[in-house]
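Produce the complete structure using the sequences and hints provided.
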Amino acid sequence: MRHAAPAARQLQHTCQQFRTICSSSVSASGWFGNVEQAPKDPILGVTEAYLADDNPEKINLGVGAYRDDLSKPVVLNVVRAAEEKVMGKLFMEYLPIGGLKSFTEKSVKLAYGDSAQCIQDARVAAVQSLSGTGSCRLFAEFMHRYMPGAAVYIPKPTWANHHNIFRDAQVEQKGFRYYKPDTRGLDFEGLMDDLQAADEGSVVLLHACAHNPTGVDPTPEQWQQLSKLMLKKHLYPFFDMAYQGFASGDCDRDGQAIRIFLDDGHNLGCSQSYAKNMGLYGQRIGCLSLVCADKAEASAVESQIKAIARAMYSNPPVHGALLVDNILGTPEIKQQWYDEVKGMAERIIDMRTLLQQNLEKSGSSLPWKHVTEQIGMFCFSGISPEQVDLLAKEHSIYMTRNGRISMAGVTSRNVDRLAAALHKVTS
Amino acid sequence: MAPHSQDSSSARRLKVLSGHVARGSESSPAIERQNTSAGQSVWSQVPQAPPDAILGVTEAFKADKSPKKLNLGVGAYRTEEGKPVVLDVVKEAEQRIVNSPTGDKEYLGIGGLPEFCRLSAQLAYGECSKVLQEGRVAVVQSLSGTGSLRVGGEFLAAHYPHKIIYLPTPTWANHNKIFPNAGLEVRKYRYYLPRTRLLDYEGMMEDLKSAPQGAVVLLHACAHNPTGVDPSPQQWEGIRSIIQQRQLLPFFDSAYQGFASGSLERDATAVRMFADAGMELLLSQSYAKNMGLYGERVGALSVVTTDPKTTKKVESQLKQVIRPMYSNPPRHGAAIVAMILGNPKLYEHWKVELKGMADRIITMREKLHQALVDQGAPGDWSFILKQIGMFSFTGLTKEQVTNMTNKWHIYMTFDGRISMAGLSASCCSYLAEAMIDSYKNA
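Protein chains in written order, with the working numbering: chain E, 1 to 427; chain A, 1 to 442.
One or more of the hints may lead you astray.
Capping the alpha-carbon separation at 27 Å, the derived lysine-lysine pairs in DSSO-like fashion look like this [stated by the list, open to error]: (1) A:K355 to A:K367; (2) E:K101 to A:K62; (3) E:K85 to A:K83; (4) A:K91 to E:K85; (5) E:K369 to E:K180; (6) A:K91 to E:K101; (7) E:K106 to A:K62.
Label pairs and their computed distance ranges (CB to CB) [stated by the list, open to error]: (8) E:K393 to A:S263: 53 to 59 Å; (9) E:S384 to A:E115: 37 to 43 Å; (10) E:A160 to A:Y347: 38 to 44 Å; (11) E:R401 to A:E115: 27 to 33 Å.
One-sided excerpt, in silico: chain E residues whose CB lies under 7 Å from chain A [what the hints assert, rightly or not]: (12) V35; (13) E93; (14) Y94; (15) I165; (16) R284; (17) C292; (18) V301; (19) A311; (20) S314; (21) P317.
No lab work stands behind these hints: they were computed from the structure.
From the three backbone atoms N, C-alpha and C, an ideal C-beta is built for every residue, glycine too.
As structure tokens, this is what we get:
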């Protein structure tokens, strides 16, 4: 129903006029009397229900923000240190439209590898963006303008907001098979079949690591095969990387899929977020990069992405960029960050191990090995919406109705109770 | 035939390259490309965009080696010494926030920091405002002025039946990009009268009278950018009356509250006049200039509706626009603003610093005007004193502006706009000389 190309917009406008003929003049309820209440955000709903519960042993497995073993949010030490250095020393002037160049240069190296050929060739267009969402939206708008008519293929399932982003950018969406409920793993045959049948020249959205919401990632061998297929079928890879370092604890390992595609000669696109791996959620710091054919093309592409950004928010927020730039800026601090992000990843992996062990010990007849086979912040438990509701009502354990568990909400204190409750509702 | 997955990466690349060469495509064999059709890169048709008109000025300035150069381009405040400024209250607030033991860096809600939203609305509409007391204002934190305007524009494109917005002639260049991108059709209303370098009130009223019922009208709340020309309170009442009669929807862009006259209340006159008259409206607020938080991107978008129920629905739909754009806003700047607005001592201190900035600008206007008079500038330059805020529309033509830059190393935008904030007392003479020369000879 939103804005569209000029002729289509005219048609929409006319239809809209017919529909709102009653509200086309100011009524007693004013200009906005016909605005409808938007549906509630499902994830937010989980948090609200959790907050309203007065059971002291309640567990929140909803939102995807890291928590320590005491269920507290964490500010990384390297972030605190960076903030001390940055604060009060610098002015708060506007950044250029494309953001802090020093930051984007380091960010691209982190994603593609320090010595990536495309970086050496200076053919990567990169702009600082508003975390992952902002990167994806810039790309979607850019794709709408410069790949007119092309559709984006999105894995089933995916982060819900992907659908909103491409919808608002007026890009047609198609789906490809990804998650296999039977195995709680990857439907690789389905994925390859669907992309084999995809229209040439389409964009394929890929989660670089730690797929959200399933935690199911392709193996390196599967990434290799997918890369070859996409070259053959002229499909454009767009990677959403929101968990580099956070998935396995190793930034290079988590960037492997992207590196495989680069090595194969793909000129890909990448959205990076520092929300989770640096705990900079509220700073909204990310990077959009597009590998181009050559320097001139990169310059043109970057200039057009900047034009999109200028009309959306003019220039990105400076604070988070300075922090990341500082952290990635010296080898010692970067190493400290690697260690801290590894620590977070390892706690999650430990919780997965504990949860699976407890479930297996509980006498459950169901398979639970997916708990440790899946990776990253989320575990797609495989339980039904009704079972999710039961967990909330009878056990004060909260998660989204698709059965997605945020492992960050699991602690050594609550993992036993969680396992017991899961066993109870599934037996 | 797909290469074996155990190939080394260089062997794989060689295979891709030889594949290109074998196909005899137009693509350069030395460059690896993702081809969606024979030999064409996906982005090969993307044209280089022209540099941003306003931001391009600063870049040209930086490249200039002349010791006399003056940057009167971008609208960021500068001290007498030509330095940017971080307000004392901002430094203080930032310290407290960063050192706070309970502070974290978690996501804000989609609508931003609630305290920030509440206090921003109070700042704009007045603490005792009827619209606030009656719960009729939907407020969301946004990405400074640009972000507020874009979210407001997209909301209107999705939910408002009349997708036309009237912009003043001239207006901030970025308005012309924001609203079409948001899905609204842009039309113009007369505003600036070149002959007087002041408001074309009759022209404006005529154009508003002939606007279709329900059209949106963008109004600069104070310190019009780029002209510095504001309606008087009486003229505002006339404008308000026509807008109400014609059932047009006002959308205020307030980027200079407190910065224009030095008084927060005085600069909010127009907005409050409309709100107090019971009108629905949209308001974009920016803290870039008045708190010097430029790069932190802090602003607020508010929508005044008829009743609390509608307000809730509108707020929910504003969030629907925000979520697919950037999910939730950056917290750092908003926390600083909330602390300053919410703490009486810091608030008072801020008002003093703000007045200091506004007063320096007003002093620059006086000094520039005096220098022009002293140097015998032909004609009446008193418009410099009548215009208000950071900018002055000098009336210089494109050719004259080119002369200003090429001969005098003075950087400004081609529309003749100068940023008074970039001036210092010691440069007024030089600027006056350059203006007179350009006016007479270019």
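Would the hint on A311 (chain E) stand, with a C-beta cut-off of 7 Å toward chain A?
holds (4 Å)
Holds or violated: K355 (chain A) to K367 (chain A), with C-alpha atoms at most 27 Å apart = Holds - the C-alpha atoms of K367 (chain A) and K355 (chain A) are around 18 Å apart, at most 27 Å.
Is K91 (chain A) close enough to K101 (chain E), meaning Cα to Cα at most 27 Å?
Satisfied, since the Cα-Cα distance of roughly 25 Å is no more than 27 Å.
Do the numbers back the hint for V35 (chain E), that is, is its least Cβ distance to chain A under 7 Å? Hint on V35 (chain E): holds, closest Cβ of chain A at ~5 Å, below 7 Å.
Margin query: Next item in the hint list is E93 (chain E). Is there a CB on chain A closer than 7 Å to its CB?
Written below: holds (5 Å)
Restraint outcome when S314 (chain E) is required to lie within 7 Å of chain A by C-beta distance: holds (4 Å)
- Take the C-alpha atoms of K106 (chain E) and K62 (chain A), compute the straight-line distance between them, and say whether it is at most 27 Å. holds (24 Å)
Evaluate the given range 37 to 43 Å for the C-beta pair formed by S384 (chain E) and E115 (chain A).
holds (40 Å)
Take the shortest C-beta to C-beta distance between R284 (chain E) and chain A; is it under 7 Å? Because about 4 Å separates R284 (chain E) from the closest Cβ in chain A, which is inside the 7 Å limit, the hint holds.
Q) Do the numbers back the hint for C292 (chain E), that is, is its least Cβ distance to chain A under 7 Å? A) Holds, about 6 Å.
- Item | Given hint K85 (chain E) paired with K91 (chain A) - CA-CA distance at most 27 Å | With Cα atoms ~14 Å apart, K91 (chain A) and K85 (chain E) stay inside 27 Å; holds.
Taking 38 to 44 Å as the hint, is the beta-carbon distance of A160 (chain E) and Y347 (chain A) inside that range? About 40 Å separates the Cβ atoms of A160 (chain E) and Y347 (chain A), which means 38 to 44 Å holds.
The structure shown violates none of the earlier numbered hints.
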